[in-house]
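Please model the complete structure; the sequences and the hints are all you need to start from.
First to last, the protein sequences are chains A and B.
Start counting the first sequence at 2; every next residue gets the next number (this note's numbering).
Start counting the second sequence at 123; every next residue gets the next number (this note's numbering).
FYI, nobody ran anything at the bench for these hints, they're computed from the structure.
Misleading hints may appear alongside valid ones.
Derived lysine-lysine pairs resembling DSBU-like cross-links, with alpha carbons at most 35 angstroms apart [claimed, not checked]: (1) A:Lys-138 / A:Lys-162; (2) B:Lys-173 / A:Lys-162; (3) A:Lys-138 / B:Lys-281; (4) B:Lys-275 / A:Lys-3; (5) B:Lys-271 / A:Lys-24.
Remember, it's a predicted structure, so these values are computed and weren't measured experimentally.
Spelled out, the chains give:
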Amino acid sequence: MKVSGKAVVYGDDVNTDVIIPSKFLTLLDPTELSKHAMEGIDPKFVEKAKNGVVLVAAKNFGCGSSREQAPLALKYAGVKCVVADSFARIFYRNAINIGLPVLECPDASSQIEEGDLLSINLDEGLIVNETNKRVIKATKLPGFILEILQDGGLIAHIKKKGGKIRDL
Amino acid sequence: MGKTISEKIFSRASGKDAYKGDIVIANVDGAMMHDGMAKLVLDAFHEMGGKQLWDPSKVAAVIDHVAPSANEAISVVQKNLREFALKHGVNFFEVGSGVCHQLMIESGLVFPGGLVVGSDSHTCTYGAVGAFATGIGSTEMAAVFLSGKLWFKVPETLKISVEGKLPPMVFPKDVILKIVGTVKADGANYKAIEYCGSTVREMDVEGRLTLSNMAIEMGAKTGLIEPDRKTLAYLRSLGHTAQMGYKSDEDAEYFQKLFLDVSDLEPQVACPDLVDNVKPVSEVEGKEVNQVFLGSCTNGRLSDLRVAAKILRGNKVKRGVRVIVTPASRMVYMQALKEGLIEIFLDAGCAVCNPGCGPCAGGHQGILASGEVCVSTSNRNFKARMGSAESQIFLVSPATAAASAVEGKLTDPRRLLKEA
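Next up, the structure:
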């Protein structure tokens with residue numbers, strides 16, 4: 002699986018209340034939700050993301066609530082992949098389950114700057130920063146997680162398997 | 123090699139000899155969803171072709187996040203959740219029952235040694251009775267409803283030993299705020315926490331629930347406490363036939379061991395707008411307050427209400443300040459009524475609301491306007507959590523909350539104790 006896009010960069014501990022403030026959780030349509038993505042931290046994010054971006058963050062991205070609306074809002078706003086030094090675990094799982102690629106990469110925030118063009122190979126766990134020609138190693142995703150992402154998320158994955166939960 | 127509590131629970135639940143780092147598929151013993159995430163869970167369940175649940179007796183559905191409903195859109199979600207719950211015969215908790223996490227403990231759906239998942243990050247609360255309990259997303263919850271199974275990476279464990287006798291007017295909430303301020307927001311990411319030490323052993327189960335509740339604020343999967351006689355007595359007092367569960371082996375391997383002496387601990391405050399931005403109350407005293415919230419899955423239990431009532435008795439809430447009191451459950455509310463606590467709150471000028479999440483999740487019952495300051499006994503102070511992105515939330519113990527309500531500004535509760 003390959004994705005590419007320009008980087009939009011944020012710092013440490015970006016929490017789910019700023020990714021999608023709780024007052025918008027009553028919006029039931031993901032497209033409507035996405036209009037408020039990152040509103041708590043960057044009111045210009047939706048404009049920046051609309052043609053497809055890679056969201057890059059420092060440590061503990063997505064900490065806080067278990068709301069799946071957080072990765073949903075990002076995905077529908079145009080985020081192709083989230084790359085972070087580290088993720089909060091519930092956000093990480095949620096992103097995979099809704100089919101938003103996530104890649105943990107300890108050097109992400111130090112090697113990537115706003116606007117850098119990134120080419121990401123998820124199968125290999127490699128990020129090429131086309132702007133400064135550096136190759137950055139990320140934590141490779143296990144095979145069964147890649148499979149969920151390739152299928153477009155857990156719902157599609159389970160449907161494909163005829164309603165069965167996959168074995169490891 | 124010895125095992126931690128987490129490794130023992132995952133070994134039992136997966137049928138494998140599980141150690142940290144292993145990825146296992148485990149059978150869950152309980153699954154909880156609430157109205158806040160219900161639409162996503164139910165949509166995913168139906169889209170996956172779900173017809174029936176793997177075991178309705180192990181599933182709980184709770185309406186607590188915006189209860190009663192504040193608008194028509196929420197009412198539709200709650201209607202669908204209610205119909206789903208009744209149709210499938212799951213444990214259903216209607217508007218007014220209380221906060222999901224309190225209800226899971228009270229209803230016996232959580233037990234020492236159990237593996238429980240919830241569609242809420244504060245599911246980690248049940249670690250206080252020795253259950254491995256953790257928050258998951260909505261789509262995953264639908265998969266659990268179908269199969270009763272979920273994949274987990276067995277976590278490493280961070281052991282936190284708390285020693286010393288708590289000084290007067292210093293409470294479990296102050297202890298956990300101090301811990302979060304030390305470990306920081308991602309210090310336990312992907313890890314389990316085990317709280318131990320003499321302070322935890324001396325603490326009643328309600329206080330332990332406060333510690334475990336905030337494990338997620340350090341990124342932890344769960345916040346375990348080894349079950350003991352107090353745990354069993356507490357669960358039995360609620361009418362459950364609880365067994366002892368698991369203890370960590372002496373030679374279990376830990377990621378890290380931390381020690382904290384609380385004998386001289388001051389009341390603590392988590393300042394805006396991160397939970398790990400923790401300061402002693404003496405450094406932030408005097409901040410003017412508009413709203414005080416006493417409640418939530420962190421601090422809405424009987425012992426919390428008792429402490430606050432002790433401070434509010436014979437006092438009045440400062441003019442211009444509003445105080446919202448939300449007991450964690452109907453059971454807590456009824457006992458508080460019997461003890462005269464509710465009368466004290468009403469006498470003081472508080473608004474006593476029905477059991478539920480109250481304003482904590484920002485859905486209703488106390489949304490903050492721009493520029494307003496809330497002192498809250500809940501667990502999160504993130505920007506825009508309770509309303510405007512230009513409002514501020516300070517997290518404190520029930521004692522500090524009550525003292526601040528009386529003074530109209532952030533107040534060290536030890537001041538009021540001296541005067542009393």
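Comparing the hints with the structure gives:
With a C-alpha separation of about 32 angstroms, the suggested pair Lys-138 (chain A) and Lys-162 (chain A) falls inside the 35 angstroms cut-off, and the hint holds. For the given pair, Lys-173 (chain B) sits about 16 angstroms from Lys-162 (chain A) by alpha-carbon distance, which is consistent with the 35 angstroms threshold. Between Lys-138 (chain A) and Lys-281 (chain B) the alpha-carbon distance is near 31 angstroms, which keeps this suggested pair within the 35 angstroms criterion. The straight-line distance between the Cα atoms of Lys-275 (chain B) and Lys-3 (chain A) is roughly 26 angstroms, inside the 35 angstroms bound, and the hint therefore holds.
Restraint check for Lys-271 (chain B) and Lys-24 (chain A): satisfied, since their Cα atoms lie roughly 32 angstroms apart, inside the 35 angstroms limit.
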